Amino acid sequence: MAMASQMITANRLLDGAVVYFTAGKSWSPNFTDGAVWPDKESADAALIESKESVKARIVVEPYLFDVAVTEAGPKPTSARERIRADHKPTFEPDQGSWTGQISG
Amino acid sequence: MYRYDEFDATIVRERVEQFRGQVTRRLAGELTEDQFRPLRLKNGLYLQLHAYMLRIAVPYGVLNSKQMRKLAHIARRYDRGFGHFTTRQNIQFNWPQLGDVPDILQHLAEVEMHAIQTSGNCIRNVTADQFAGVAADEIEDPRIWAEIVRQWSTFHPEFSYLPRKFKIAVTGAPDDRAAVRVHDIGLRIVQNEAGETGFEVWVGGGLGRTPIIGVAIRKFLPKEHLLSYLEAILRTYNLLGRRDNIYKARIKILVQATGGEKFGQMVEEEWEKIKDGPLHLPQAEIDRIHRYFAPPAYEALPDVDPAFETAKLENPDFARWARVNLVKHKVPGYAIVNASLKPEGGAPGDASADQMDLLADLADKFSLGEVRVTHHQNIVFPNVRKRDLFALWQRLKSARLATSNLGFISDIIACPGLDYCNLANARSIPVAQRLSRHFSDPRKLDEIGDLRLNISGCINACGHHHVGHIGILGVDKQGQEFYQVTVGGSSKDDASLGKIVGAAFSEDDIVPAIDTIINTYLANRTDRSERFLDYVRRAGVDPFKEALYGPAPARRTAAE
Chain A
1 MAMASQMITA NRLLDGAVVY FTAGKSWSPN FTDGAVWPDK ESADAALIES KESVKARIVV
61 EPYLFDVAVT EAGPKPTSAR ERIRADHKPT FEPDQGSWTG QISG
Chain B
1 MYRYDEFDAT IVRERVEQFR GQVTRRLAGE LTEDQFRPLR LKNGLYLQLH AYMLRIAVPY
61 GVLNSKQMRK LAHIARRYDR GFGHFTTRQN IQFNWPQLGD VPDILQHLAE VEMHAIQTSG
121 NCIRNVTADQ FAGVAADEIE DPRIWAEIVR QWSTFHPEFS YLPRKFKIAV TGAPDDRAAV
181 RVHDIGLRIV QNEAGETGFE VWVGGGLGRT PIIGVAIRKF LPKEHLLSYL EAILRTYNLL
241 GRRDNIYKAR IKILVQATGG EKFGQMVEEE WEKIKDGPLH LPQAEIDRIH RYFAPPAYEA
301 LPDVDPAFET AKLENPDFAR WARVNLVKHK VPGYAIVNAS LKPEGGAPGD ASADQMDLLA
361 DLADKFSLGE VRVTHHQNIV FPNVRKRDLF ALWQRLKSAR LATSNLGFIS DIIACPGLDY
421 CNLANARSIP VAQRLSRHFS DPRKLDEIGD LRLNISGCIN ACGHHHVGHI GILGVDKQGQ
481 EFYQVTVGGS SKDDASLGKI VGAAFSEDDI VPAIDTIINT YLANRTDRSE RFLDYVRRAG
541 VDPFKEALYG PAPARRTAAE
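From first to last, the protein sequence lines are chains A and B. Per the working numbering, the first sequence runs over residues 1 to 104. Per the working numbering, the second sequence runs over residues 1 to 560.
Honestly, the hints are just simulated from the structure, not real lab data. Hints should not be assumed to be uniformly reliable.
[Claimed, not checked] Restricting the straight-line Cα-Cα distance to at most 30 Å, the calculated cross-link-like pairs of lysine-lysine (BS3-like) are:
(1) K328(B) with K66(B)
(2) K328(B) with K88(A)
(3) K66(B) with K75(A)
(4) K66(B) with K477(B)
[To be verified] Cβ-to-Cβ under 10 Å is the rule here; a few derived chain A residues that face chain B:
(5) K25
(6) S78
(7) R82
(8) H87
(9) K88
Note that this is a predicted model, so its numbers are computed, not measured. Virtual Cβ for every residue (Gly too), placed ideally from N, Cα, C.
Taking the hints into account, I'd like the entire structure generated from these sequences.
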């Protein structure tokens, strides 16, 4: 089976927000800004590059995750990454539950 | 309740400043994440899916109104306006910014709170019966002992780097409301034949990926020896517990590998060496702690309050709430009130800042300024005059805190699951929400009766699924969430672990599956007096298997 394409994500140091590594070697909270690496070699090389941002105290714990490349763009293959990409819980806010603006 | 002395206040204040320095150094690049991670975890700060999460200790679940108001303030100013009460009687905030956490801890220190012992391989925040000191069936107040254990365990130098985390629970009544048999150490206050009170000591219980009911290694421990005996257990574990494999490192694995009897002997041998040393508790010290928990000045009231009785007759909703959510108080004319954090369609254990402020106000007005957090993720008002119950209920109802479902199927324990947690495999809260909507009809709840349903989003079992009468465990199957179901668990005196009914259900199928399980029970129980748990123990898992997956021959054919 062909290896899935991959993207790189991390959490921002200051607030823990989910961010994605872009083709421009920066970080964006928008999933759609994240770069997609089609093979292991390019993904591994990008992950090494992304770790410069750890030293620069921008993000913590960057890692690769699988995406399925569709006509509508890349989609995370795991429930975990689908939820992270939305920056919020999947359930509707309730009186006693999460509210407020999503940091970006 | 306990008030900090100068020693407590100093160590908490110093701890805040230490952490402030650590955060400053982290942000300045003087600490790497690898260096900083253990430091932040020792202050309850985790990095979760979307953000940092701060877990704050609520020792043995007791909060005064000032502390509750402070939690509301933190929720509003530093978080997103809400918090999550957990199965360990703690509270978690899901969205703090790293740079704000020292200020949050400073706010907490001002009201004698902190995040110490909420993470790491130490003795964690001690838990206890939420009705401590007020329950009619209590032998003795467990808070005194929980507080003594807290003082002994906080920053205990020998036990700061245990093989794994370590959880102690104390219960003071025959009806175990603290799940002591599924804790690393469970303490039951018991009476011996001479009428003296002491402890029955359970060790090696736990949930997680290897669920085990603990073993009683001592039937009666005189109270003055509590700390030396705990020290002997911890010392035996600290020396012999495995450190080579995180999944084999809890005391339950050591007790199973050694054998309960042998482990008990090893503890007794160690204890003989230290029992009369500095940890021997002088009566004066026990009395000193006892005074912090002296009963408040209760009014002399008749146990039957005419206004309460009339209100019940005039208002069926109130009568139902009074029947379901009140627990018998030890003092005539008073009641223990359970405020449900499980409204229909709500996230179990979540409370908004406004709700927290209201709970604080109501505690002042109706419950001598105190509330409790339960391991079932509800809030308790421990001291309410019966004549005030109707007014309290009206205020709670206005804030969706008066759902009449204590101990029913919609009183669901649920971990944060994959909506928040870095370890989770599947979501818990949306499943709980759908179940609570499905089982919202009060008549249906009454018909089903006593039923505990617990949901965990992964094998770590923060949602206690193994000991739910019905347990739901979220699993990941190739990127999709599935839910495995167990039946027959209990965390009480008759503790037992649930048995798996069969293959896991998809997200769409889990609520219908639970409905099938309930209908199977209702159709086959002898009568209403046979509770769900009784039925499972009598009939086993097969009736549920058949109802869920078809008759046994069909199942075999399908498998072939």
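Numbers of the earlier hints that this structure fails to satisfy, in rising order = 2, 3, 4 and 5
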